[in-house]
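Chains A and B, in that order, give the protein sequences.
The opening position of the first sequence corresponds to residue 1 in my numbering, with each subsequent residue numbered one higher.
The opening position of the second sequence corresponds to residue 514 in my numbering, with each subsequent residue numbered one higher.
Just so you know, these hints were derived from the structure itself, not from any lab.
Hints are supplied without guarantee of correctness; some may be wrong.
[Claimed, not checked] Which chain A residues stay away from chain B? Per the calculated CB distances, all over 10 Å, these: (1) Glu90; (2) Val239; (3) Ala268; (4) Lys441; (5) Lys492.
[Claimed, not checked] Examples of chain B residues toward chain A, derived with CB under 7 Å: (6) Leu642; (7) Arg713; (8) Arg718; (9) Ala722; (10) Ala729; (11) Ser732; (12) Ser790; (13) Tyr793; (14) Thr795; (15) Asp824; (16) Ala825; (17) Gly828.
Virtual Cβ for every residue (Gly too), placed ideally from N, Cα, C.
Residue-level listing of the chains:
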Amino acid sequence: MQQIEEVAGQLPRGEIAFRAEGVKKHYPGVRALDGVDLEGYAGEVVAVCGANGAGKSTFAKLLAGVDTPTDGEIRVTGYPHAIRNAAEAEQAGVLMMHQEPLIIDDFTVGENVWLYKLRQGRDIRPWATKVDTNSEETRRVLRDIGLGHLRTSQLARDLGPGQRQMLSLSRALVTDHKIMILDETTASTSEEHFNDILDLVKREKAAGTCIMFVSHRLNEVFAMSDRIVVLRNGRLVDVVAAADSDPDHITTLMIGEALKALARPAPAQTEGKTPVISVRDVYGGAARGVSLDVAPGEIVGLYGLVGSGRSSVARTITGQRSAASGTIAVQGEAVHLTSPRAALSKRIAYLTEDRRLEGFVKDFDNGENMTLVVLPRMAKAGVVDAPREKSRVRELIQEFQVKGGPKTFTRTLSGGNQQKVVVAKWLEADPDLVVLDEPTKGIDVGARANIYETIHALAARGKAVLVVSSEAEELLSLCHRILVMRNGRIVKEFDPEHADTDDLIRTALTHQD
Amino acid sequence: MTSSNTLPPVHQYEEEEYSRGRAIANWLKGQYALYILVAILLVATITKGAVFWSGTNLTNLLLQMSIIGVVTLAELIVVLTGGIDISVGSALGLAAVLAAGLFGGPSVLLALVVALAVGGVVGAVNGWLVAFRGLEPFIVTLGMLALARGLVYAYGNGIPITPKAAGTFSDLGQTTILGLPVLAIIWLVMVLLIGFLLSRTVWGRRVYAVGSNKEAAQSSGIPVRATLWSVYILAGLLVGLGGWMFLCRFGSGTSTAGNLLELEAIAAVVIGGARLSGGYGTVFGTVVGTIIFAVIANLLSLLNVSTFLQDAFRGALILVAVTLATVQLKRKKTIDSPQPATK
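My request is simple: use the sequences and hints to build the entire structure.
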C-alpha cells in the first residue's frame, strides 16, 4: 500500500496525449454526453468515474473511435485530424481494453496474445510469415501478466473469466500505443489479478503511456490513478488529483449528495423454520460435496475465488446444470432440478453472472424483457393481455427506477440499468429463493445501493436469498451468514458481525482442510 | 422505494411522448422493402401499365403469390428462431404428389388432410433433429431436401400424378369470392394467423426470445426445445398447405413441384427485413418481400424477358436488397455496444 500511495502522489507530467473538446453524444432519447472537455497527459493514469449512465463508457468508446461524437471532437497528439473511427484511433495509437475481453475461443493462448498483429493492414503480403506464437517472447509476455503457468498452445476457450481478461491485457505488451483505455477491465477479474494489472499499469506509465481507467471500484481507482475525472448525467463535474481526495468525496461528486451507509439487515428469525432450500453433499461442476441451508428471511453469502466452485453451486441449485450426486430439498421436499424451468416451478430464481449472454434478450425492449418469465400469467389462452402487460411494465420501471421507457431496448442501457431490468424480471415471478451471482458486477455505487436495498427488502418479506460474490466487502455488509468456498468445498462459515475482509480472503486463499 | 433520496435524479426520458406522425415517419425510415416495391410498381405502370393493372393479370398475380406466400411464412418463423429451412420446396412437392396419389385422390378434403400430415411429419422430423438432437438446421434440412425430392421422383417415376377428382381441384383453384381467388384468401388468412401468433401470443414472444438469445431464454425458464420443435412443425404444416394449394392451382402433382422454392422463400424473408441470425423480422415485411418477387416475375413475363434472364434479375435483386439491409443495420449498430468477437 505504501508503494501505491507514492505512485498516486506523482503530479501529472508530460505533454498532452489527447484532447477532447465540447464532446457530445446523443442517442435517441438519451443524452449520454453533453459537452465534455478533457485532456490526458503522457505518463499519467486518469480515472473516469460516474454513476450509471453518467457517460463514462460512452466517452471511452468515443476516444477509441468505436462511436463517433454527435458534436465536438477528440484529437490525439501526433495524428493530423480528429478521430472518426476505430481504425483511425488505432493508427493514432489508442489501445482499447473492452469490458468483455476480445478473445477468440478457438485460438491458442499464444495466438490470442498476437491477435492484433493479424489486423495490421499495411502488411498484406500473402507470403508474410505469421508471428511465432510459442516464442520466448510470448512466454515472457505471459509471465509478466501473471499467466506464466499457462501453455501457449492451450486453447483460450478453457480459460476462466479472469484469465481471459488478463490474456487480452497481455496485448498491451506487444503493441505500440500512446493511450491505453481500461474500460471496466477489473470487473470480471477478481482481487487476485488486480496486482498484475497494477504492475502492468505501472510499466505502461513508466513508458509514457496515457492510461484512462474507467471503473466503479473506487478502492482500485485510488490505488491506480493520478487524476480522477467525475462525470454526472453526461457532464464533467470535477477533475481532482487522487492525492487530494478520498472515496467519500468522489462518491459525493458522482451522485450529487452523500451516500448513506448501508444499514445491516434486520436479524433473521430462522429458529425452527423449514429451510427454503436444503443442499446435501452435492457434486457438480467444480462443486465437490457442498451442503448448505437457506432459511426464509435469511441472506446467505457465498464467497470464494474464481474457480472455487461458488458459481457451480449456484448453477446446480437453480437447475442451470444437473447435480452429479447429492440431494436438494426445496421446502423440505426432495427435488430433481433438471432445467431452469424446473427450478422456476419450485419458485427458485437465478440472476446469472453473465448479464449480456444470459440475463436479457438483446432484441427485446425493457417491457418484453421484464415480462419474459411471467408472460403466461399475463395471458388468456396464450394470448397476451397487452394493456395489462403495458401498465405493469410502467409500474415496474417506476418501482425499480430504470432509466429508459418500456420501449427502450435493454441492450442500450448502462450495466446498472440492465441489472435493474433483470432484477425486476425475476422478482415479478415472486420466487421463494433468489440466487444472485455477482449481482453488482460492473455496477456503480448508486445502483448498487438500489440493488442492496432490494435484497434486504426481499429478506424482510420472508424470501430466502443466496448471494454469490467475489467481493468480500459487499457480502460483509449484505448478509446474515457468509460461507467461504475453496477447492469446491465450503470450508468455513462466518458471522459478518465478527469478521472482516481479511478473514474472508485469507480463508479463501489458504484454508487447509 | 425508500431509496429515492440516495440516488441521482432519474434522467427524464424523452422517447415516451412521440407524436403519432413522428412514429409513422420513424417506421417508414426502416421500410426499404416497401420502397423497392413502390419502385417496381412504378416501373410496371410506366412500361406495361394497362396490361399490368388489368383484372386478369392481377388475379393471375395473386394466384402466383399465394402458394409462395404461404411457404415464405413458414420460412419466416424458422428464420426468426435463428434457423433456416431449405427443405420447404421438396416438402411441398412431396405433400403435393402424395395428396394427389394416395387413396387415388378422390376428394379435396382428404387431399388436404394428407398434405398437412405429410408437411407436419417432415417438419416434425426436421424440428426434432434441430431441437432435441442439437443439429444444425442447415444440414438437417439439406438432408431433408434431398430425401423428400428423391421420394417425389420415386413415387411418381417422374410422371405427373393426377388425382381422380382433378376437376374439383381445378375448380376450387379458379373459384373467386368477391373477386378474390380462394387461394389468395387462404394466404391472407394465414398471414393474419401467423401475424397474430407472433405479435400477440406467449408463443410468439418465445419464438423471438429463442431466436434472439437462446441462453437468456433458457435461463428465464422458457421451454426452448419445445418452442423450436413447435416452430418446425408449424412450418411443416404451412408447407403441406402450400402443397395442397399447388394441387388446386395446377390440377396435378408434378415431380418438379416446388423446385427451388426454398431460394425464393429465403430471399423474400430476407428482403422483408428479417435477420438470418434470428430474433428480428416481421410478417408485414415478409409479405412485402413475397409481393416484390411475384411482381418482378410477372413484369418480366409481360416484357417477354427470357426465363433464364428472369432468374438473373431475381438474383440481382436479392443482392441489391441484402446490400440495402446492411446499410440500414450499420446505422443501427452505432447505438449498440460492440459485440465481443466470438466465432
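A quick look at each hint next to the structure:
1. In this structure A/Glu90 is separated from chain B by more than 10 Å, as the shortest Cβ-Cβ distance comes to about 13 Å.
2. The beta carbon of A/Val239 sits about 19 Å from the closest Cβ of chain B, which is more than 10 Å, so the claim that it is off the interface holds.
3. Remark: the non-interface label on A/Ala268 is consistent with the geometry, its nearest Cβ contact in chain B lying 20 Å away (cut-off 10 Å).
4. With a least beta-carbon separation of about 16 Å from chain B, A/Lys441 lies farther than 10 Å from that chain, consistent with its non-interface assignment.
5. Distance check on A/Lys492: its Cβ is at least 30 Å (rounded) from any Cβ of chain B, clearing the 10 Å threshold; non-interface status holds.
6. Nearest Cβ of chain A to the Cβ of B/Leu642: about 20 Å, over the 7 Å cut. The hint is violated.
7. Because the beta carbon of B/Arg713 sits about 5 Å from the nearest beta carbon in chain A, less than 7 Å, this interface hint is met.
8. The restraint placing B/Arg718 at the interface with chain A holds, with a minimum CB-CB distance near 6 Å, inside the 7 Å limit.
9. Satisfaction of the interface hint for B/Ala722 is found here, the shortest Cβ-Cβ separation to chain A being roughly 5 Å, below the 7 Å cut-off.
10. This hint holds: B/Ala729 has a C-beta 5 Å from the nearest C-beta of chain A, less than the 7 Å allowed.
11. Interface restraint check for B/Ser732: the shortest CB-CB distance to chain A comes to about 5 Å, inside 7 Å, so the restraint holds.
12. Using the Cβ-Cβ criterion of 7 Å, the hint placing B/Ser790 at the interface with chain A is not satisfied: the shortest such distance is roughly 10 Å.
13. Nearest Cβ of chain A to the Cβ of B/Tyr793: about 5 Å, under the 7 Å cut. The hint holds.
14. A hinted interface residue such as B/Thr795 counts as satisfied when its beta carbon comes closer than 7 Å to some beta carbon of chain A; here the least separation is about 12 Å, so the hint is violated.
15. Hint on B/Asp824 is violated. Least Cβ distance to chain A is approximately 34 Å, over the 7 Å limit.
16. With a least beta-carbon distance of about 33 Å to chain A, the hint placing B/Ala825 at the interface is violated under the 7 Å criterion.
17. Interface restraint check: B/Gly828 against chain A, minimum CB-CB distance 29 Å, threshold 7 Å, status violated.
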